[in-house]
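Enquirer: Spelled out from the first residue to the last, the chains are:
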Amino acid sequence: MKRFSTLPALNLIGIAALAVALLVLAPAVLDDFRLGNLAKYCCYAMVAVGIGLAWGRGGMLVLGQGMFFGLGAYVMAFHLKLEAAGPDAIPDFMMLYGNGTMPAWWEPFRSGAFTLFMVVALPATVSTLLGLAVFKRRIKGAYFAILSQALAVAFATLIISQIEVTGGFNGLSAFTSFFGYSLYDPINQRMIFFITAGLLVAMLLVAFQLYRSRFGELLIATRDAEERVRFLGHDPANIKLVAFVIAAVMAGIGGAMFVPIVGIVSPLDIDEVASIGLIAGVALGGRATLLGPAIGALAVGYAKTSLSETFPGSWTYFQGALFVLVILFLPGGLAQLPSYLGRLRPARKQKQVPALQAEGAA
Amino acid sequence: MNAQLDYVEIRDLTVEFDGFVAVDSVDLTLLQGRVHFLIGPNGAGKTTLVDAVTGLANASGLVRYGSTDLLGLKPHQVVRAGVGRTFQTATVFEQLTVLQNLDIAGGVHRKARSMMRARRGIPSYVEEALDAVGLVDLRDRPAGVLAHGQKQWLEIGMLLVQDAKVMLLDEPVAGMSAEEREETGELLRRIGTERTIAVIEHDMDFVRTFADVVTVMHAGKVLTEGTVAEIQANQKVQEVYLGRTVEGATHA
Chain A
1 MKRFSTLPAL NLIGIAALAV ALLVLAPAVL DDFRLGNLAK YCCYAMVAVG
51 IGLAWGRGGM LVLGQGMFFG LGAYVMAFHL KLEAAGPDAI PDFMMLYGNG
101 TMPAWWEPFR SGAFTLFMVV ALPATVSTLL GLAVFKRRIK GAYFAILSQA
151 LAVAFATLII SQIEVTGGFN GLSAFTSFFG YSLYDPINQR MIFFITAGLL
201 VAMLLVAFQL YRSRFGELLI ATRDAEERVR FLGHDPANIK LVAFVIAAVM
251 AGIGGAMFVP IVGIVSPLDI DEVASIGLIA GVALGGRATL LGPAIGALAV
301 GYAKTSLSET FPGSWTYFQG ALFVLVILFL PGGLAQLPSY LGRLRPARKQ
351 KQVPALQAEG AA
Chain B
1 MNAQLDYVEI RDLTVEFDGF VAVDSVDLTL LQGRVHFLIG PNGAGKTTLV
51 DAVTGLANAS GLVRYGSTDL LGLKPHQVVR AGVGRTFQTA TVFEQLTVLQ
101 NLDIAGGVHR KARSMMRARR GIPSYVEEAL DAVGLVDLRD RPAGVLAHGQ
151 KQWLEIGMLL VQDAKVMLLD EPVAGMSAEE REETGELLRR IGTERTIAVI
201 EHDMDFVRTF ADVVTVMHAG KVLTEGTVAE IQANQKVQEV YLGRTVEGAT
251 HA
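Here the protein sequences come in this chain order: A and B.
Residues in the first sequence are numbered consecutively from 1, following my numbering.
Residues in the second sequence are numbered consecutively from 1, following my numbering.
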């Protein structure tokens, strides 16, 4: 049923509507502070689009996307730290925590092009190696979920332990410019918002094409009957790997944009708790739909900020309650709400039958 | 068409699970154009034999199709070698439509790049398979709503789209009505001339009507092989069916 409600045309209209809301409406009505917040939610939404692909369509419960978010974020933070330090100088925290010398592998991050390349290449490489090791051994279900979450924990621990090169628990902050543009200038902050929102829309278009492609159908088939897919002549591991790597790259790009927007990245932004937070939006919005994960992530991001302003410190409880409610009553997320309400009103049932046929034919 | 007939050669095939020999040095030749039936009591090793050929169970011996030894290949590699199978319980992708199910089976022959594009129209080979298995009217229905027999047909249709030259069908008519059995048998005959088909079956009426060759298995071994008439006259076959005659077993 879910599949048939996601008509291609409706999805494109949805993406267009979201694009207008983000790129035209929001900059017109929001002040700089709120726009900056929205940019941050867009970063989460990028991760969410990837989670929707891997989890919603591919059945892989990726509980540790914070790791890939972190890879992208730290790569970007390395570059911004070096930019802030200036040519030939080394980042301030290295003086503070280390012996005042910079490791050689930091040097390439002075280059903006290299940094952008690594934002994509690092999550892609790590997820490919990880995916090959995991999917070829047919690890799936809860085992996969636990493994992915454990990796997020391990990665955050690694970052904390390497204080001389990562800033440790305090993370990396005090950036001054983004590829030469001052981060203190509101105009440049707006520009970063537009880039972020634009990237989110682009990712939705990528997901749109993936979902309507033959690969998208094969991914759903793999999710629903992995063993059967083998007897179509495919190795399910490869199909899952593609979705997993794309999801990781989306998370990495989201993480990279997060850094200039928020101005700091620390292990708290990428650990297991952050990873669960990323999943929450996806579950709320509807993991198997195209727009659900992104809209859910934006909504959760917004709710987190507003609730934290009103009731400081209680966000965790709200998030927990949200999780329980969604899983109990709306396992398909908010996207399921229309059909859920429809079922409550038996009078509408008769109208649904021809509708299903018409949709099925499209 | 080449005059050379396709065949699958199985020699000395043995499958062992922790000391239990499920299939015991079986020799079997499946020939193109004959509908070959595998019968035998429960536990005779019929399904295990098919599992071994299709890469699901580890086995020793030789299974040769063309120039390929199928043993040791992974299931998806066996499929790519041209050997397809169905399962006792029809497994189709319930959330996808009949058309999508058939189309997805054609993936073996598509280049990776074309996988990233959406389907445009219906490929001719999908149309032909849809027609062959008689599901044209149901093509836009989710496969989950199909009746049991229709799911079996859909699976056979998927094998057609997959262009499996060798089809190994595990109880394809179980749970079908007499009429549906008849149609299934006719379908197997039609598609069987250009393919090598082996069917595991319990329904003796069905076997009698449509079998060209029958192999009887018992306790992991091949008991005998022959035409339906020969099998029915065979004393040993009558004994393994618990002392009853084959006639008796049919109507039990």
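Think of the hints as simulated: they come from the structure by calculation, not from any bench.
Treat the hints loosely; a few may be bogus.
Claimed, not checked - As a list, the in silico EDC-like pairs of lysine to aspartate or glutamate whose alpha-carbon atoms are at most 20 angstroms apart: (1) K304/A with E107/A; (2) K74/B with E226/A; (3) K165/B with D18/B; (4) K165/B with E128/B; (5) K74/B with D32/A; (6) K236/B with D27/B; (7) K111/B with D235/A; (8) K165/B with D137/B; (9) K165/B with D140/B; (10) K165/B with D69/B; (11) K74/B with E272/A; (12) K40/A with E226/A.
Enquirer: Determine for every hint whether it applies to the structure shown.
Expert: Verification of the supplied hints:
no.: 1; hint: K304/A with E107/A; in the structure: 37 angstroms, violated
no.: 2; hint: K74/B with E226/A; in the structure: 14 angstroms, holds
no.: 3; hint: K165/B with D18/B; in the structure: 33 angstroms, violated
no.: 4; hint: K165/B with E128/B; in the structure: 16 angstroms, holds
no.: 5; hint: K74/B with D32/A; in the structure: 57 angstroms, violated
no.: 6; hint: K236/B with D27/B; in the structure: 18 angstroms, holds
no.: 7; hint: K111/B with D235/A; in the structure: 15 angstroms, holds
no.: 8; hint: K165/B with D137/B; in the structure: 27 angstroms, violated
no.: 9; hint: K165/B with D140/B; in the structure: 27 angstroms, violated
no.: 10; hint: K165/B with D69/B; in the structure: 15 angstroms, holds
no.: 11; hint: K74/B with E272/A; in the structure: 36 angstroms, violated
no.: 12; hint: K40/A with E226/A; in the structure: 36 angstroms, violated
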